[in-house]
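Undergrad: Chain by chain, the residues:
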Amino acid sequence: MIKIDNSTSRVFARLGQSGAAFGVGLIEEAEKKDNIVVLSADMAKPAGLSKFASLHPEKFYNIGIAEQNLIGVAAGVANEGFRVIASAQACFLSMRCYEQVRQYSGYMGLPVIYLGVSAGFGLTFFGNTHYALEDISLYRSIPGMTVISPSDPGQAIKAMEASLEINSPVYIRCTGIPGLPPIYKEDFEFKIGKGITVQDGSDVIVISSGSITRNVLDAVETLETSHKLSFKIIDMHTISPIDKDLLNSCMASKLWITVEEHFVSGGLGSVIAEFLSDRFETIKPNLLRLGIKDKFSVPGDYNYLIETNELDAQGIVKQITECIRKVF
Amino acid sequence: MDALDIHKKAEFSRRRIVELGYGCGKHGAHFGSSLSLVDLITNVYSHFFKLGPSEVESENRNRFILSKGHGALGYFAVLEAFGFLSASETAGFEVNGSNIFAHAHKDLKRGIEYSGGSLGLGVSFAVGIAIANKIRNIDSKVIVLVGDGECDEGIVWEALMSAANYDLQNLILIVDRNGMQSDGEKETIMDQKDLCAKIASFGFCVQEVDGHDHKQLQSSFLKESLMPLAIIANTIKGKGISFMEANPAWHHGALTDNQYDLAIQELALKK
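Protein chains in written order, with our numbering: chain A, 1 to 328; chain B, 1 to 271.
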């Protein structure tokens, strides 16, 4: 298992989420397990797979720019007992081959690990064709699929390790760009389906997933100086299955807020709304869902896209402040 | 298995297609497709599954993938002919709660390797198994059967390209070319022009055969090549039942009592 400390967290941060998962986590796992096969859709280099491909050429298949076939071949190899990781840009790995994922890993239950590279706004100036802002929504609709959105590169490594330990399909959504500051500078326990309480509090519960969690931490720091409220921050890295125990322990709070780099419809916010909707109680928390407001964006660099969608710390502070005025 | 035995298995399977399809009543069944591919699957089982049901869980077994999922009725009939399914199991065809329905559902204990239904998806899956067998040094064949209509799907060509790229000599593609699809004649809907040349250009060793000629099919399996094999089998949709032959209305249809009697009589005469 990878150990996170101040030094390694900075190294992993420079690699970005997929770079760390593939360039560090996968290399270590492949030394221990001889049944790992990795497939890519002409995205090996940007995803950080070059090292694995050169160390294990017999276990690496570049299927070319053909995501549908990527998934079919991955399923066939997984059918024979190999642990298979299929990787492509998250936009295409979710949309272009959605039916294949549903067929092979949903209906047939094959435990492929789908690693989506450059999810969210990661592909910046490539524009809306390359943004993956509905991938959580799609993947979580597949019965039996685990959906993980790591909050920093160190956690992406842990997500990869944990996914190789379970015998069911997993989608790992890698967000952010290389160089974002890490969230975890010391080691922590990562368990699929168990959210991490990054900061404890009781008045407002902020639930986040993905690299945007960094902005949530900064936003809450600001909010705490201007409001006499205590904020709990949950890094909800696993979106499906959702951590119901942790959510149940937060029911006394008046306000829950979800933050994600995903369309507001269908992602983490929707999962939490569904959770609350299924609780038949007269008094329950209000819910504010922050994310991309179901529209396409004018392209720009990563910070530009985050800011124009009000998901930078300042934008999050603004939106939460407006809500706090209504609720408290 | 000699030629007479293969012929008997195929005729048994044809009769079961009619009986089981008739049993569906008004729901109807995919008679046309099942009857066009029944000789193909019968020959695959006689050649590649000589040990019968005893090898269903062997790692070294040959694999048959029915990508053309709606030919499942024909597939089930052949599985019964070769002892993989019992008569009582196939009798569950399209009965509420049964796992034997219009598209085959993966069930290794009964030799069913793949859950079909969504067209085009079986070829990629077969390529994956063929790759896995190469990694494990398992010397067996992966046979995947598609329809010519199914070849309209783009993923089929992605998969063929990758099969040739990875030199999958352990893969055999069979195309059930009955020249028809749901809406009618293939040529009038989406003309594939020279299908053999297309597949050959993707890097396959292509053989064109009469898909109802057992001898031609058996010898096509023996072809040796450094490339993956493709067998383009020219077939007749609804083959064996006069009023179904080359009749697009029988892609999916329901037999009346009189039609059932007529079909059974025709099959009895051929014996």
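It should be emphasised that the hints constitute simulated quantities derived from the structure, not laboratory data.
It is possible that some hints are incorrect.
Pulled a few chain B residues facing chain A out of the computed Cβ check, cut under 8 angstroms [what the hints assert, rightly or not]:
{"id": "1", "residue": "A91"}
{"id": "2", "residue": "A102"}
{"id": "3", "residue": "K106"}
{"id": "4", "residue": "S115"}
{"id": "5", "residue": "S124"}
{"id": "6", "residue": "G128"}
{"id": "7", "residue": "I131"}
{"id": "8", "residue": "I135"}
{"id": "9", "residue": "I155"}
{"id": "10", "residue": "A159"}
{"id": "11", "residue": "S162"}
{"id": "12", "residue": "M190"}
{"id": "13", "residue": "D191"}
{"id": "14", "residue": "Y260"}
Owing to the predicted nature of the structure, the values given are computational and were not obtained by experimental measurement.
Ideal Cβ positions, reconstructed from N, Cα and C, are used throughout, including at glycine.
Undergrad: Compare the structure with each hint and give your call.
TA: Evaluation of the provided hints:
1. A cut of 8 angstroms between beta carbons decides the hint on B/A91: the least distance to chain A is about 25 angstroms, and the hint is violated.
2. Below 8 angstroms, beta-carbon pairs count as interface contacts, and B/A102 has none with chain A, the closest being about 15 angstroms; its hint is therefore violated.
3. Contact between B/K106 and chain A, as hinted, is supported at the beta carbon level, the nearest pair being about 6 angstroms apart and thus within 8 angstroms.
4. Because the beta carbon of B/S115 sits about 5 angstroms from the nearest beta carbon in chain A, less than 8 angstroms, this interface hint is met.
5. Annotation: B/S124 was flagged as interfacial toward chain A, and the flag holds, the nearest CB pair being 2 angstroms apart, inside 8 angstroms.
6. The interface hint given for B/G128 is met, as the beta carbon of that residue sits about 2 angstroms from the closest beta carbon of chain A, less than 8 angstroms.
7. The restraint placing B/I131 at the interface with chain A holds, with a minimum CB-CB distance near 6 angstroms, inside the 8 angstroms limit.
8. Interface hint status for B/I135: upheld, as the beta-carbon distance to the closest one in chain A is roughly 7 angstroms, under 8 angstroms.
9. A cut of 8 angstroms between beta carbons decides the hint on B/I155: the least distance to chain A is about 4 angstroms, and the hint holds.
10. About 5 angstroms separates the beta-carbon of B/A159 from the nearest beta-carbon of chain A, less than 8 angstroms, and the hint is met.
11. Checking B/S162 against chain A: minimum C-beta separation of about 6 angstroms stays under 8 angstroms; hint holds.
12. Proximity of B/M190 to chain A is violated relative to the hint, the smallest CB-CB distance being about 19 angstroms (cut-off 8 angstroms).
13. The criterion of a C-beta within 8 angstroms of any C-beta in chain A is not met by B/D191, whose closest approach is roughly 23 angstroms, and the hint is violated.
14. Against a cut-off of 8 angstroms between C-beta atoms, the interface hint on B/Y260 is violated, since the closest Cβ of chain A lies about 33 angstroms away.
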